[in-house]
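Enquirer: Sequence:
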Amino acid sequence: VSNLSNMILGAIAVLIFPKFIGVDGYGYYQLFLFYSSLMIITALGWGDGYYLEIGGKKYSDLNKYQQSAHFWLLTISQAVIYSLIFIVVMLLTNDNDKRVVYILSCIWALGSNPRYFLKLVLQATDCIRQYAVVTITERLISILITLILIMFGYRNYVMLIVLEVIGRYVSLMFAIYFCRDAVFIKPQFTREIFDEVKHCIGSGVTVLFATISSTLIIGVVRMGIERCWDIAMFSKVSLTISISQLAMQCINAIAIVMFPTLRRMDLKSQRALYTKINTILMVLIFACLIFYNPAVKILGIWLPDYRDSMKYAAILLPMCVYECKNAMLVVSYIKTLRCEKVLLWSNMLALIVSCICTGIFVYGMHNIELAVFSIFFVIMIRCNISEYWLNKTLKIHLWKDTILETLMCLVFIIGNWFIGTWGTVIYTICFVAYILFFKRADIIETMKLIKKK
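For the sequence shown, position 65 (counting from the first letter as 1) is numbered 65 according to this note's numbering, and the numbering increases by one without interruption.
Heads up, a few of these hints could be off.
[Said to hold, decoys possible] Under the rule of at most 25 Å between Cα atoms (straight-line distance), these lysine to any residue pairs were calculated in the SDA-like manner:
#1 LYS64 <-> MET151
#2 LYS19 <-> HIS199
#3 LYS276 <-> ASN293
#4 LYS19 <-> GLY202
#5 LYS58 <-> MET151
[Claimed, not checked] Label-pair distances were calculated between CB atoms; the ranges are:
#6 GLY202 <-> LEU4: 22 to 28 Å
#7 PHE86 <-> ILE280: 45 to 51 Å
#8 LYS186 <-> ILE16: 42 to 48 Å
The set of hints was computed from the structure by calculation and includes no laboratory data.
No residue lacks a Cβ here, since even glycine has one placed at the ideal position from N, Cα and C.
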């Protein structure tokens with residue numbers, strides 16, 4: 001419910017904000033979101049490493065003195081780092097709009113990394129209700145207040161960013177409240193704690209760089225677009241990406257509980273669950289893509305300034321197939337098997353391919369269509385590499401599914417980009433054939449299992 005609410009709030013933000021703050025203003029707002037997503041790097045994977053260590057435990061069984069020491073050491077280190085970054089930004093940045101974005105990103109990150117640490121503690125120990133409150137609070141506050149101000153005629157993009165920052169700190173307060181027995185207890189800064197911090201960073205930094213490289217896979221192309229075109233084009237492409245990623249909110253709702261659940265299962269059960277979830281996930285996503293044409297036409301009417309960029313959704317929407325599978329299945333399973341380096345290397349390889357594509361399509365050919373297509377292409381490569389390793393480890397054979405999923409995505413892209421409305425008809429026919437001839441038995445078996453359990 002929390003992630004569904006976040007998805008609805010995110011959809012409201014995607015539909016309302018671009019219409020009222022202008023193309024350039026929305027571009028700077030998206031620039032803030034992009035830079036903010038990279039701020040997690042200053043924590044060096046600290047929270048991720050702690051998450052891996054306590055995953056599957058009960059919250060009541062945690063050592064609260066150790067947890068308090070971790071939290072306050074992290075908070076102090078972030079305060080020092082972002083104070084220094086703030087000074088550098090003030091001295092070196094001349095563009096006033098970008099200076100505002102950088103400064104507010106620093107303030108946002110100062111509260112974000114401690115909040116992220118506490119969120120991971122709640123998630124790893126299966127405190128899902130508390131996690132849900134922390135998750136939904138931020139967007140609920142920032143977006144609802146923004147909508148009220150827009151109704152009264154306020155149209156500045158800075159307003160959106162400031163309210164994002166306020167929402168983040170209110171959410172942090174809730175996280176502190178839920179973990180108050182660990183946050184407000186006297187921490188023990190012993191040698192053992194510093195050794196544990198070192199161990200958490202050592203194991204978490206792999207996940208961190210996997211996450212950062214995952215963000216940069218798309219981010220490299222976006223930065224290239226921002227530099228080689230203008231903030232308006234960056235704004236339009238970012239809107240399309242935001243629309244494509246809305247489905248991730250719902251998928252993350254299930255992915256959140258996957259890790260602690262999988263840690264309690266044996267390998268045989270994990271193997272059986274993988275194939276069932278993969279079937280349900282792919283069928284649902286491919287079914288949703290049928291509604292592409294009417295959705296794009298409605299969005300074009302509502303957001304006429306972005307109408308020319310809506311065509312890129314034909315390329316970017318199939319990205320959801322691989323992003324959702326990666327978030328829900330691949331990453332959850334790889335973390336469960338404690339093979340985080342696989343995430344790192346698959347993401348790093350995809351990042352290298354992304355840099356090459358950006359160099360060729362953005363800086364070399366100056367072709368926005370190929371630049372956007374490279375986003376889908378690299379996301380597909382990243383997911384398929386990780387899934388190949390995972391299937392080999394779990395000893396399951398889903399190579400036919402991988403081929404079918406790729407073909408379905410290509411039919412969607414080619415049909416809607418080159419043919420238009422009739423392309424959706426062709427895709428729908430292929431989807432029906434996909435269900436009847438290739439996935440019918442799997443769907444029946446999966447539904448029986450759901451009904452039984």
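Enquirer: Against this structure, judge whether each hint is valid.
Expert: A quick look at each hint next to the structure:
| no. | hint | in the structure |
| --- | --- | --- |
| 1 | LYS64 <-> MET151 | violated (46 Å) |
| 2 | LYS19 <-> HIS199 | violated (48 Å) |
| 3 | LYS276 <-> ASN293 | violated (30 Å) |
| 4 | LYS19 <-> GLY202 | violated (45 Å) |
| 5 | LYS58 <-> MET151 | violated (45 Å) |
| 6 | GLY202 <-> LEU4: 22 to 28 Å | violated (36 Å) |
| 7 | PHE86 <-> ILE280: 45 to 51 Å | holds (46 Å) |
| 8 | LYS186 <-> ILE16: 42 to 48 Å | holds (46 Å) |
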